[in-house]
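Sequence order for the protein chains is A, B and C.
Position one of the first sequence corresponds to residue 161 (my numbering), numbered consecutively onward.
Position one of the second sequence corresponds to residue 909 (my numbering), numbered consecutively onward.
Position one of the third sequence corresponds to residue 10 (my numbering), numbered consecutively onward.
Please note that the accuracy of each hint is not assured.
What the hints assert, rightly or not - Below, in silico cross-link-like pairs of lysine-lysine (BS3-like), each with a Cα-Cα straight-line distance of 27 Å or less:
{"no.": "1", "chain 1": "B", "residue 1": "Lys1170", "chain 2": "C", "residue 2": "Lys223"}
{"no.": "2", "chain 1": "B", "residue 1": "Lys913", "chain 2": "A", "residue 2": "Lys210"}
{"no.": "3", "chain 1": "B", "residue 1": "Lys913", "chain 2": "B", "residue 2": "Lys985"}
{"no.": "4", "chain 1": "B", "residue 1": "Lys1079", "chain 2": "B", "residue 2": "Lys964"}
Said to hold, decoys possible - Derived CB-CB ranges, DEER-like:
{"no.": "5", "chain 1": "C", "residue 1": "Pro24", "chain 2": "A", "residue 2": "Gly163", "range": "47 to 57 Å"}
{"no.": "6", "chain 1": "C", "residue 1": "Leu27", "chain 2": "A", "residue 2": "Asn366", "range": "23 to 33 Å"}
{"no.": "7", "chain 1": "B", "residue 1": "Val914", "chain 2": "A", "residue 2": "Phe166", "range": "24 to 34 Å"}
{"no.": "8", "chain 1": "B", "residue 1": "Arg1155", "chain 2": "A", "residue 2": "His171", "range": "28 to 38 Å"}
{"no.": "9", "chain 1": "B", "residue 1": "Ala1017", "chain 2": "A", "residue 2": "Leu273", "range": "32 to 42 Å"}
{"no.": "10", "chain 1": "A", "residue 1": "Asn366", "chain 2": "C", "residue 2": "Ser221", "range": "30 to 40 Å"}
{"no.": "11", "chain 1": "A", "residue 1": "Ala185", "chain 2": "B", "residue 2": "Gly943", "range": "26 to 36 Å"}
Note that these hints are calculated values from the structure, not bench results.
Values in this document were obtained by computation on a predicted structure and should not be read as measured data.
Glycine included, each C-beta is placed from N, C-alpha and C at the ideal position.
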Amino acid sequence: MWGFYFTELMHSLPFFLKGLWMTVAVSGLSLIVGTIIGFIWGIMRASGNKILRSIIGAWVDLIRGTPFLVQVFIIFFILPSAGIELEAFPAAVIALTNLAACFICEIVAGGILAVPSGQREAATASGLSAYQQLRYIVLPQAMRTIMPPLVGQYVLLVKDSSVVSAIGVVDITRVGWLTVQRIPEGLMVFGLVGILYFVICYPLINLSNLLERRMTVVSTRL
Amino acid sequence: MKKGKVFTILVSLAIFFSFLGIASAGTLDEIAQRGELRIAVQTQGAPFSFVDRNGKRTGSSIELCELIAKEMGVKIKFLNYDWDGLIPALLSKKADMLAADMTPTLKRAMKIAFTEPYMYTGSVVFVKQDSPIKSLEDVKKSGTKLAVLLGSTGENDAKKAFPEAELKTYKGGGPLLINAVLGGHTDAGVNDGSAVTGQSASFPPNSIRILEGQLSRSPLAFAVRYDSPDLLSWLNLFFLHVSLDGRLEENLNYWVNSLDWKKDH
Amino acid sequence: MLETFNFRVILEYMPLYLQCFAATLWLSALSLLGAILVGIIACAMRLSQSRIISRIAGVYIESIRSTPLLAQLYFFYFGLPSLGLMLPEWVTGIIALTLNSGAYYAEIIRAGIQAIPYGQIEAGIASGLSYFQRMRYIILPQALGMTIRPMLGQAIVLVKDSSLLSLISIAELTRAGQLLTSDRFMPAEGFLTTAVFYLIIYYMLKGFSSWSEKRLIFREAH
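Build the full structure now, drawing on both the sequences and the hints.
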């Protein structure tokens, strides 16, 4: 029975590769823009004024606390009634960028707050401006805490990108659903879907491990 | 600290509900001006709407839509969603109409306008080839596990016909029901008869057996928004024409009433 | 879609929502406990002196992290029966969620352990504490305390991931919204209500984590 389906599945491989490309395009774009926005929000969240901090905080809570599917639906189906009409692809990228920015904001803010406050005080005492403090004292140290979870987060976001298939973006997961209609062996079809995600995610995970090893000196063994 | 948290929650809720907005209308004129008919479809499986082995979207509903666009003299654009996205797509005017093998229930018709039905079908019960279940009577036993599709007529029919049975609701298309039955997750499945026949064709021959008798007779129809009465009456006229000139019958005979399509797709 | 937002129909579906809300709560709670346990064990293995044990845990963690939960769920749902293991849906669901989040918890706890000055562990060994005593009195209390934030983050991911269980016919929160949508064709009502319930869980988890963080810091100070 598996042989019967396997030939069929191999026939659909080009379709799967198209889906792979779509996943890479949506998540790649969103991760790049999301990282930039996330860093800006994160820095504001860790330092900025109180009102700015609670607005960003509330937004992050809202995005982290609700299903991504609902966010995608709001951007794609409900914003048009406010006059903002978007195609599926840009809507997907906007939704995922926002999600990425929110998660990255938390990681960045956490990293900045983990820098001992003495460092900052010393910098102030040495007469460094707020920008100089951030640029030369705080961020370089915070990056050590930020980098490993940041790359780990990328992996999660690549996988979250599968949700955008609900608004008609034909990504890997969507291709899986379309194929399973014709080749009704869920295990095999989604096995292939899993392998394709693995192809994207595994290098990222290795990168994250590498970064972590380079940034920690001791290797703990229990 | 406490106050800050309450404030945060309030801001979240305010942002959430500020998405409640206002909108305008869409008609046949709009379609003609645009030169493009936008149709929301789902890919629920053969023979209505599926992607064939060449990666091409096809099926009974799809060909009907292509005929509609041809008669309108406009291009066609298929917007492909899953079940969750279908209704929002129509209501938010992303799509002019909805073409899925959807049952026009009275509750649903409170929200969207259905065309005259273009065909009738009925739910059937299917089991594994070697299942001890022989007739619909056997299914009525309490504790029988039934696989149904979320939001399908089969789901409603199963609830009514087999109140003692345990329903397991799946999503993602008819073939998954057959999978659930073959995988032993349920004893039987309930779905639209033509869908079961069409979809069982992609399984090894004689995997499943359809029990004799239909649970219901239900219409299938396309749908539009209530603010497009012009499109609605045009579609009804379209169905009248194609059923008079035999093109509807040709479509249904090829896709639904036989497995002729299997050769080509 | 929102101009005709119907609160009455939401009330009508409230019993279903509450029932499904309860299901999401207990499914996530069980999976969360399981995942933290699996995480602790996998992490202990990952940091083991033995290369082989460490490698086994590594393979588990990395293969889970680089494939989507959907593929894993299908593996358990359609794969286990072909090995002759037929489990009820909710057990399959909990196993999939537990093993999925377990891998992430292993990484989170590892980061926490590696942040503990290694001297403490060496001191533990020198004072003749056994492996389990070191775990129980030195490593875990600190590692768990330090990682409450990322643990919370993963708990939220787990709760939202549990929505995938509706695919294997488990009635949970997302399913409630889908039912309302497909019975009445009221997607805005269905999905926004679902989102509000997820948001409630989010704030519950957030409250719990800041409460336990405070408690742990308080205990440390004394």
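When the hints from earlier in the document are held up against this structure, which numbers fail? 1, 3, 6, 7, 9
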